[in-house]
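There are 2 protein chains.
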Amino acid sequence: MAVNWENLWSERARGIVASDIRDAFKLTEKGDVISFAGGFPSPEAFPRGDLAQLGKAIIEEEGDVSLQYGPTEGYTELRTLIAEQMREQGIEVGADNILITSGSQQGLDLVSRVLLDPGDLVIVEQPGYIGGLGAINNYQGEKVGIPLDEEGLRVDVLAERLIRWRRQGRRPKMIYVVPNFQNPAGVTLSLERRRQLVALAEEYELVILEDNPYGELWFDKAPEPHMMSLDGGGNVIYFGSFSKVFVPGMRVAWIAADGAVIRKLAIAKQSADLCSNSFGQKLICRWLKAGGYQDHLKELRGLYRARRDAMLAAIREHFPKSVKYTVPQGGFFIWVELPHGMDAKAILPRAVAAGVGYVPGEGFHVDGTGKNTIRLAYSQASIPAIETGIRRLGRVLADEIGGLSFAI
Amino acid sequence: MAVNWENLWSERARGIVASDIRDAFKLTEKGDVISFAGGFPSPEAFPRGDLAQLGKAIIEEEGDVSLQYGPTEGYTELRTLIAEQMREQGIEVGADNILITSGSQQGLDLVSRVLLDPGDLVIVEQPGYIGGLGAINNYQGEKVGIPLDEEGLRVDVLAERLIRWRRQGRRPKMIYVVPNFQNPAGVTLSLERRRQLVALAEEYELVILEDNPYGELWFDKAPEPHMMSLDGGGNVIYFGSFSKVFVPGMRVAWIAADGAVIRKLAIAKQSADLCSNSFGQKLICRWLKAGGYQDHLKELRGLYRARRDAMLAAIREHFPKSVKYTVPQGGFFIWVELPHGMDAKAILPRAVAAGVGYVPGEGFHVDGTGKNTIRLAYSQASIPAIETGIRRLGRVLADEIGGLSFAI
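Protein chains in written order, with numbering that gives the first Met the number 0: chain U, 0 to 407; chain X, 0 to 407.
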């Protein structure tokens with residue numbers, strides 16, 4: 000009897016379906032479409048020459064280790080280098096507080112795995128990073144979205160909600176936040192709100208997941224202190240990554256947390272993938288020790304700032320005035336709000352036909368709202384492509400808004 | 000208020016604890032201990048010269064892709080190469096039936112994730128691979144062990160158990176099997192039993208997880224056909240890996256299965272780690288296309304056969320006659336059974352003091368039995384080290400058995 004897989008999926012698996020965003024990516028992958036969909040770093044930013052040489056040396060000189068299984072927690076040398084970097088940023092950690100993960104996505108998966116039971120209440124930003132939402136979904140957490148504004152998460156709204164939940168006897172377990180140059184909205188959490196959020200977390204014994212892939216990619220000034228450095232009680236689990244500042248293809252990121260959390264996560268990681276790839280860890284170690292990391296960051300900041308500037312200038316010139324957008328101070332993303340009643344998902348095929356792609360914002364929402372929103376990534380396209388793409392998109396949006404007013 | 004993490008762990012996380020085996024590894028990592036604990040491939044088997052050159056070329060020539068995020072399913076080129084290899088081994092699959100995973104451990108995690116609800120009945124080999132048991136644990140499957148003999152899983156015992164469960168209205172969901180040169184027991188499932196198992200799986204709508212990391216590392220003749228090639232109804236999910244035949248440090252393995260399963264697993268993988276590392280996939284593609292894979296396999300077979308022979312010869316010479324052991328026809332492991340009443344975990348510190356390490360077999364059992372068993376890996380130690388280590392272990396065991404008879 001042939002297996003009927005539909006009968007066999009776990010409860011969890013029934014709840015996970017392909018995201019709109021993957022569909023959007025596929026749609027925008029056509030040859031002559033200028034895509035602002037993928038939040039990928041620019042390949043021009045990869046230190047290829049260095050890596051070709053360092054990689055060769057690593058295999059020749061220490062291939063017996065760099066090609067072998069490594070420790071589940073990651074190489075102590077890399078964990079030590081990361082801990083040093085974090086201490087320079089005001090976070091008092093040692094190597095024992097660091098777990099190397101196969102990208103921050105694995106970090107989010109492991110933390111959800113060890114903290115979430117089905118039905119547990121999890122607070123998320125709305126709009127929020129789709130990968131974080133996916134990890135929570137996988138462990139059947141119940142997501143509640145808190146809105147953002149230009150200063151990031153509306154901590155005042157959260158505070159009210161926490162009071163209400165306490166009255167109802169409900170206890171949220173964790174809150175997932177991307178404080179710097181947020182994905183997808185591009186906004187940054189203000190210092191005052193960081194302090195408030197840390198205080199709320201302590202008051203309500205709430206775990207803060209502080210996911211910071213973009214923090215080093217600031218344009219004018221470094222972001223405010225990490226919540227982990229403002230935190231007194233150890234409530235914060237911090238996610239750092241080399242994907243945006245080095246290369247994503249090696250899948251090397253880390254979690255920083257209380258030693259008890261790291262130990263539990265390491266046991267979970269053992270069953271998840273045994274260890275992260277050894278070669279990638281060794282490569283990052285050598286590259287960090289070779290010096291030049293700060294210069295590399297300066298280059299990246301310049302590269303992405305120029306692209307942000309180009310996209311903002313093109314938006315100002317070509318978008319209808321009724322379209323709102325955020326002005327990111329770092330990172331990869333601009334968030335666009337179309338007039339109410341518009342549907343970015345319905346517009347996408349027309350945009351693609353006009354030669355430009357984006358991600359409809361609805362998928363970053365947990366309550367079915369956000370149909371009129373769009374995420375634009377300026378990280379990958381060249382400046383001329385950004386100008387052309389935004390001009391094309393502006394024309395499509397102008398047509399749609401024109402059509403909309405007729406329809407009204 | 001400081002977080003009390005013990006209050007916050009998920010049900011799942013409460014159930015996962017550090018394994019004895021990890022402790023055993025740590026114990027055997029002392030400088031002058033000859034360790035038969037780790038089932039790692041031999042670093043001498045890594046094609047380092049080739050990889051240093053190929054790796055450099057990949058970064059120089061296609062660094063924009065090989066250092067970037069890749070598709071969640073893995074590169075089509077690699078999936079196509081794997082499907083071709085599998086078709087040569089009698090399994091009718093295409094690239095759409097292949098998902099690249101971050102080691103087979105991730106494959107086991109993802110399959111458990113999409114198939115298991117807490118309490119689901121899972122059949123495992125006893126003794127069974129600890130990583131497979133761990134993945135099932137992580138998703139709170141209820142494990143039932145079926146014993147092995149020299150021909151692998153006792154399918155007759157399984158058949159009786161299935162009849163009994165059917166009468167009780169219980170339905171096992173899947174069975175996890177390492178058919179070739181099993182970890183930890185070194186035994187291989189006979190052709191007749193493969194056919195019987197496939198027939199049982201069809202009759203009971205049971206999913207077979209066929210995990211085959213060692214299949215290519217045979218000593219005298221290639222193993223029997225894969226169950227996936229004997230399978231009519233698509234009940235088999237196959238796990239293949241480059242860790243033992245190429246290098247483990249790149250963390251590249253694959254799952255082969257029905258397209259519906261691959262699509263579900265890909266969605267789960269998206270939330271687990273987005274994608275496997277791109278560089279490792281590209282490296283394997285180039286290395287496979289460069290030819291020489293069959294010659295490389297021949298070398299590996301010779302290397303590991305010589306080590307098996309050395310270990311068996313040393314066991315015959317130095318172990319007390321009351322100690323039983325398996326004679327593997329491939330792979331990395333010999334399984335040792337001490338006289339009843341002996342406790343391999345209690346003996347380990349004395350063995351380490353005498354300069355030799357192993358893994359106590361108890362951790363490969365799901366019912367607390369197996370205290371008198373030991374897993375020996377001959378894959379990593381040189382032949383002189385194997386001879387010395389087994390002589391040392393023989394002396395410790397002789398002392399213990401001597402002591403045992405006095406105690407009786």
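Read the hints as simulated data drawn from the structure, not as lab findings. Any given hint could turn out to be false.
Copies of the same chain are indistinguishable here, so a pair counts whether it falls within one copy or spans any two.
The calculated lysine to aspartate or glutamate pairs, modelled on EDC-like cross-linking and capped at a C-alpha distance of 20 Å, are [said to hold, decoys possible]:
1) K142 / E159
2) K142 / E10
3) K55 / D257
4) K320 / E10
5) K344 / D155
6) K220 / E202
7) K320 / D31
8) K25 / E76
9) K297 / D22
10) K370 / D257
Small disclaimer: the values here were computed from a predicted structure and weren't measured.
Intra/inter-copy verdict for K297 and D22 if alpha-carbon distance must be at most 20 Å: Neither way: K297 and D22 sit 34 Å apart in one copy and 44 Å across, limit 20 Å.
Same-copy or cross-copy closeness of K142 to E10 [CA-CA at most 20 Å]: Close inside one copy (17 Å) and across copies (19 Å); limit 20 Å.
Same-copy or cross-copy closeness of K320 to E10 [CA-CA at most 20 Å]: neither (46 Å within a copy, 52 Å between copies)
Copy assignment of K55 with D257, given that the CA separation must stay at most 20 Å: Classified as neither; 36 Å inside a copy, 38 Å across copies.
Intra- versus inter-copy proximity for D257 and K370 (alpha-carbon distance at most 20 Å): neither (39 Å within a copy, 35 Å between copies)
Within, between, both or neither: K25, E76 at alpha-carbon 20 Å: Intra 39 Å, inter 18 Å, cutoff 20 Å: inter-copy only.
Up to 20 Å CA-CA - E202 versus K220, copy category: Neither way: K220 and E202 sit 31 Å apart in one copy and 66 Å across, limit 20 Å.
Homomeric proximity label, K320 with D31: Cα distance no greater than 20 Å: Answer is neither: 28 Å inside a copy and 74 Å across each miss the 20 Å cutoff.
Intra/inter-copy verdict for K142 and E159 if alpha-carbon distance must be at most 20 Å: within (17 Å within a copy, 45 Å between copies)
Alpha-carbon proximity between K344 and D155, which holds within one copy, between copies, both or neither at 20 Å: neither (31 Å within a copy, 56 Å between copies)
In this structure, the earlier hints numbered 3, 4, 5, 6, 7, 9, 10 are contradicted, and the remaining ones agree with it.
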